[in-house]
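Engineer: Taken in order, these protein sequences are the chains called H and G. Each residue of the first sequence is one higher than the one before, starting from 1 at the first, in our numbering. Each residue of the second sequence is one higher than the one before, starting from 1 at the first, in our numbering.
Hint data in this document are derived by calculation from the structure and do not stem from the laboratory. Please note: incorrect hints may appear among the correct ones.
What the hints assert, rightly or not - Okay, derived cross-link-like pairs now, DSBU-like style, lysine-lysine, Cα gap no bigger than 35 Å in a straight line:
hint, chain 1, residue 1, chain 2, residue 2
1, H, K122, G, K440
2, G, K451, H, K265
3, G, K398, H, K93
4, G, K452, G, K513
5, G, K97, H, K122
6, H, K265, G, K454
7, H, K265, G, K499
8, G, K421, H, K132
9, G, K513, H, K472
Given the structure is predicted, the values throughout are model-derived calculations rather than measurements.
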Amino acid sequence: MKRRIHTQRLYKTIGWFLLNLSVMVSCTSSLPKQYVDVQEDTLKIYPDYKNIIIPQNIAPLNFVVDNQADCWWVCVKSSEGNALLTMSDDDRKFCFSKKEWNKIMSENVSKTLWVDVYMKKKNTCYKYPSFKWTVVADSIDPYVTCRLIEPLYNAVGRITLSQFNLENGTYKDLADNKRFIDDVSREDGPKCVNCHTKQRNGSGNALFFCRGKVGGMVLTYNGKTQFVDTKVGDLRVSAVFSAWHPTKPYIAFSNNKVMQLFMSKADSKIEPLDFYSDLLMYDIERNEVSYILQTPHQMEMNPYWSADGKYVYYCSSDSLLNNQNVLLYKNMKYDLMRVAFQEDSLTWGKPEMVYHATAEGKSVSKPKISPDNRYVLFTLSDFGGYHYSHPDADLYIYDLEKKQALPLDSINTERAEGIGDWSNTGRWILVSSRVDGTYTRLFLSYFDNEGIAHKRFQLPHEDPLFDRDMMKNYNAPEFGTNDVKMTPIELNELVDKAEVLKANYRGEMIYQSDGVSGASVIK
Amino acid sequence: MNKKIISRLSKVIFFIGVVLFLGIYNYDFLYQVGWKNYFLFNSFFTQQTISQSCGVLLYIARFLSLLFHYPLIGAISVAAVLTGMVALHEYLFDKRKSGFSFLPSILLTIVIGCGGWAIYARFEIGTFFALILGTIWCLISYLLYDKFLKGKNMAYVMLIVQLVLLPVLGVFSMLSIVMIAVEEYLEKKKGLLLLCYLLLPLGVAVGEIYVVSHFFYGESFVYALRMPLPDPYFTRMFVCSLCLLCCLIVSPLIKKIEIPVLDTFYRKFPFHSLVLLLCSFVLIYFVSFHETNYRSLMKLSRLCDEMKWREIVEQCKDIAHPTKGINAYRVIAQGNFGKECEKLFDVNMPLSPCSSPYKIEEIVYEADLTFYASFLAASYHQNMDNWVIYGESFRYLKNMTFISLLRGDDELAARYIYLMKQTSFLDDLADEYATYLNNKELLYKKYPICKKIKGNEVLQDVPQNVFANLAEYYLAYNRFNNDNLKRCVLAKLFVKDIKGALNDYLTYVKDKKDLYQYMSEAAVLYATQTNDDTYVKALQVNGNVVNKVVSCLREYYLLQQNKQTDTSELCRKYKGSYVLFYIMDTHKFQSIKE
Chain H
1 MKRRIHTQRL YKTIGWFLLN LSVMVSCTSS LPKQYVDVQE DTLKIYPDYK NIIIPQNIAP
61 LNFVVDNQAD CWWVCVKSSE GNALLTMSDD DRKFCFSKKE WNKIMSENVS KTLWVDVYMK
121 KKNTCYKYPS FKWTVVADSI DPYVTCRLIE PLYNAVGRIT LSQFNLENGT YKDLADNKRF
181 IDDVSREDGP KCVNCHTKQR NGSGNALFFC RGKVGGMVLT YNGKTQFVDT KVGDLRVSAV
241 FSAWHPTKPY IAFSNNKVMQ LFMSKADSKI EPLDFYSDLL MYDIERNEVS YILQTPHQME
301 MNPYWSADGK YVYYCSSDSL LNNQNVLLYK NMKYDLMRVA FQEDSLTWGK PEMVYHATAE
361 GKSVSKPKIS PDNRYVLFTL SDFGGYHYSH PDADLYIYDL EKKQALPLDS INTERAEGIG
421 DWSNTGRWIL VSSRVDGTYT RLFLSYFDNE GIAHKRFQLP HEDPLFDRDM MKNYNAPEFG
481 TNDVKMTPIE LNELVDKAEV LKANYRGEMI YQSDGVSGAS VIK
Chain G
1 MNKKIISRLS KVIFFIGVVL FLGIYNYDFL YQVGWKNYFL FNSFFTQQTI SQSCGVLLYI
61 ARFLSLLFHY PLIGAISVAA VLTGMVALHE YLFDKRKSGF SFLPSILLTI VIGCGGWAIY
121 ARFEIGTFFA LILGTIWCLI SYLLYDKFLK GKNMAYVMLI VQLVLLPVLG VFSMLSIVMI
181 AVEEYLEKKK GLLLLCYLLL PLGVAVGEIY VVSHFFYGES FVYALRMPLP DPYFTRMFVC
241 SLCLLCCLIV SPLIKKIEIP VLDTFYRKFP FHSLVLLLCS FVLIYFVSFH ETNYRSLMKL
301 SRLCDEMKWR EIVEQCKDIA HPTKGINAYR VIAQGNFGKE CEKLFDVNMP LSPCSSPYKI
361 EEIVYEADLT FYASFLAASY HQNMDNWVIY GESFRYLKNM TFISLLRGDD ELAARYIYLM
421 KQTSFLDDLA DEYATYLNNK ELLYKKYPIC KKIKGNEVLQ DVPQNVFANL AEYYLAYNRF
481 NNDNLKRCVL AKLFVKDIKG ALNDYLTYVK DKKDLYQYMS EAAVLYATQT NDDTYVKALQ
541 VNGNVVNKVV SCLREYYLLQ QNKQTDTSEL CRKYKGSYVL FYIMDTHKFQ SIKE
């Protein structure tokens, strides 16, 4: 009995000792009063949130410190120097409380916040040079939708359409191709889901494509969702890249026959290219597909409506590729063009050159028109229409008033940059970048009244290591103003029950199927 | 010898038997299981794993599967757990020690032994440990009920707990309920508790099936959804798992049932459990997957990981019926061992079919073959494709890291190294790889073969999937030399594209001497099969070679006609003749047209 009591005492003592030790070892919550200033800015934080402009409604900018130390402190201060938020961590991971963060943001609109980072190493405390967060009144669209997919998709694995909430850093899946598995046999694996696009008027109208046996365009219009088969008339493939008219029930799209090359040496690793493509429009209310441009000797892709709906901007190339000349893929270059739309008669004007990139030996991809109709944002590379894997691909902005294209140096890096979207106000740009040459990550950048883009910063997540841990790419990202309510389960139900609505075709048939291979011959 | 000692002895024998079966006989298989597993200590992985059906159980199971990285330790751990399970089952249900208690553990051993090619397909590696953990849960639940809750109101609480745990434990929480319901029925307590135990799970099951089939997957998926069971696609494993479930359900019955004849038998033959055990191991051996070439391929793959080229060559010499995968590893080893590639066919080749019936074999060797053939980008793509199609695994992660390092893609390599550091057993390897970032000389020093691989890599950037002709692809590069061209031609012979190899040889190979013997025999074979003697003429094939090939083919054809399988004499007679290799597994082989 006596021995048992002694043992209990021993355990208690050890427990008390360990508790005290842990308190002594872990960081204290108050900031160090005495410290040495680090002269050089050697602080490495991930994501890089140093000296950036942020919207007032952004989610907490949680980050981790990559430097080594025993203990870390972070203090967010107002422009007057008052400490607003103090945190300490010996795990180098700083996740701000959403409640406190939102309070700070709302109280410091149009002000600058300063962030001090301290560390303790061998009983000495150091302070790194402060960095700033400039909070602007221009809010950002609260959602980003995109596809999460492996970087090299010779095969289809698990693909999700996901929605990221920029106001709280959370995310949810909207569609998951794993749920489209029809059969347990391995031959009939998951299907591809891609390219979620929304109408910009906040109506909730949106679409995405689901490929494979249960495939089609999944269109949500006026609250009703249905499958639409757009491969009608003499179309050789169905819709691929699509763009909603800003207000009317029209969807412009290109139908691209895409091929992928896997490169032996290049950093790009993968090179998608088109064998043919044309521009078309789907009139939702008439359920009718018609050509915008039917050009056997040219290729068109990436349509995008101007903010007033009077033009469709697109990329156009005079080069044609086929199985015989596919090795000349580097000759494939695209210009930025536009075509006028007469809404009364549903007719189209003549194509106009907007930016003659091929004259400079360059190629344009993914044009996006700003909501004020003044700027066109696009990527420029040496060749091709799919720049997301080209290390030389950079973001450019074309001023439609000054008729001048300029690179966005504050955003561009030596890796491939790709365009996401303009925010509703036109003050924020969503950018994708292949940060390590293979995995694409999303960035936001403030675009001010003067037409200047500021330092980009990574999409905020609840867990700051989310982007490091995830082995997938963000693909086809787009801003959203409304929370997309559809869940993968509802979508699956739709897939199960929906009947495919075959669109009608309006226009001449100039391509004819050869009847054997399914390939087409030109008249 | 009394009953107790026999019981203990049989458990010791079972433990040793399982260790030998898994740890020694299936060593290479467990090694591959360890590398096919994937487990990271990060929130993204945790969320992804836990969010699926039975996610928590699979998460724990995948963590425990890390043990398989050290096959012997893994085998000992599994054997210890299975033996403990025997003891627990015996304590709960089989006090007569009839030997029935070995059945669940034997079935679990068979499930692991049946793994085979499944581990390379879209198979959840955590399944093995999930089944073990689930079975343990059922036994412990029953123990709790039997010892503490029987006849008390707490039994209702346990029912609720089991139902709450349904998403976590899947079918095993149901199974625990069913076992208790069986016990209640046998106790003839046909009261409220039994009613609850029968109706509630039934209600939940029907409800869940409705919800799942309407909102998640198709009906065909329902029965596998709430079970951490192997997919029915892997039949043997699935059947054994179902048997395991049945075995657990009838366990309370074994406890109650009394068959006097059997009791007398047990008394008369106290060694019956030992005999049953030995029979079980014979059963385990025959039911488990033990195709010789599969086992060889697993071993060769491991030896290739360890860069033991000499052992690979030695191992291949003894393989009677090599498949493409085995030949691939021999080519890799011969190339790296310093032997010439032409030695590819210099082995005792029997005439039986050489191709594996399992196309999945390509997943094992293709990425290795392209890596050692200096097609680093292709190897990276293959690893990435496997990762996407067949699921994440340490093997693909490690391969992609190493290829990225060798390609000089250091930023990408750093991303992978960061992930490797989050695993418990790739930590050291991650640290080692980290030292190669921006320091390729150190990499070459540690792995001299990599310098050769990098040296043979193509310089120009050319798409890999547009060339119909492999030699044409090689010729696209400035640094293409005759040696590489020979490798390319041999690669075609290796896949028995005889016409393609002959074309390449005649068109591109400058120094024709080295490959002449293979090609001349191939030309004669081609002429006999197609009546086209263009290649025979172009190569000016000697009459002796023509006669030798023709007589070899005739004899082989006769054997085929007579459906004789013993071709050893033919092998001896034509030893060193490469035509034997060409006609193996060529289903279109016809009689010789004069």
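Engineer: All hints, please: hold or fail.
Structural biologist: Against the structure, the hints come out as follows:
Under the criterion of a C-alpha separation no larger than 35 Å, the hint pairing K122/H with K440/G is consistent with the structure, at around 34 Å. Straight-line distance between C-alpha atoms of K451/G and K265/H comes to about 17 Å, which keeps the hinted pair within the 35 Å bound. With a CA separation close to 27 Å, the supplied pair K398/G and K93/H stays within the 35 Å bound. Note on K452/G and K513/G: the hinted pairing holds, with a Cα-Cα distance of about 24 Å set against a maximum of 35 Å.
With a C-alpha separation of about 64 Å, the suggested pair K97/G and K122/H falls outside the 35 Å cut-off, and the hint is violated. Distance hint between K265/H and K454/G is fulfilled; the C-alpha atoms sit about 12 Å from each other, no more than 35 Å. Annotation: proposed proximity of K265/H to K499/G holds, straight-line Cα distance about 29 Å (limit 35 Å). With a C-alpha separation of about 32 Å, the suggested pair K421/G and K132/H falls inside the 35 Å cut-off, and the hint holds.
About 50 Å separates the Cα atoms of K513/G and K472/H, which puts this hinted pair outside 35 Å; it is violated.
In this structure, the hints that do not hold are numbers 5 and 9, in rising order.
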